[in-house]
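Numbering (UniProt numbering), first residue to last: 1 to 76.
Don't take each hint at face value.
[Unchecked claim] Okay, the calculated beta carbon distance ranges per label pair:
(1) HIS43 <-> LYS73: 42 to 52 Å
(2) ASP60 <-> LYS36: 30 to 40 Å
(3) HIS49 <-> GLN23: 31 to 41 Å
(4) PHE62 <-> LYS36: 30 to 40 Å
(5) GLN69 <-> ILE47: 28 to 38 Å
Source of the hints: derived by calculation from the structure; they are not laboratory data.
For every residue, glycine included, the Cβ atom is placed at its ideal position computed from N, Cα and C.
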Amino acid sequence: TLHERRLRNKTASAKYRAKKNRQYNEMRVTVHRLTKENELLLHQINILHKENRQLKVTLDKFRGRMIAQKMLKQYL
């Protein structure tokens with residue numbers, strides 16, 4: 001009957017809305033988790049860039065000393 005069909009439709013619509021709400025909430029949780037993970041990775045990148053710059057400075061100093069030692073040996 002028409003009443004039964006409307007009732008089935010109402011039930012199906014409620015089930016569909018509940019599923020969409022679950023999917024939406026799951027996506028929100030995923031977005032939040034990925035945002036936090038992204039922030040952490042960006043922080044790690046910044047730390048590694050800083051460390052890389054420090055290592056380059058140290059390497060440049062070391063190379064300078066090596067060149068100075070070679071030049072000193074040539075003149076001695």
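Status of the hints after comparison with the structure:
The beta-carbon spacing between HIS43 and LYS73, approximately 45 Å, falls within the hinted interval of 42 to 52 Å. Hint check: ASP60 to LYS36, Cβ distance near 37 Å, so the stated range 30 to 40 Å holds. Taking 31 to 41 Å as the suggested C-beta distance range, the pair HIS49 and GLN23 conforms, at roughly 38 Å. A C-beta distance of roughly 39 Å is found between PHE62 and LYS36, which places it inside the suggested range of 30 to 40 Å.
Taken as a hint, the range 28 to 38 Å holds for the pair GLN69 and ILE47, whose Cβ atoms sit roughly 33 Å apart.
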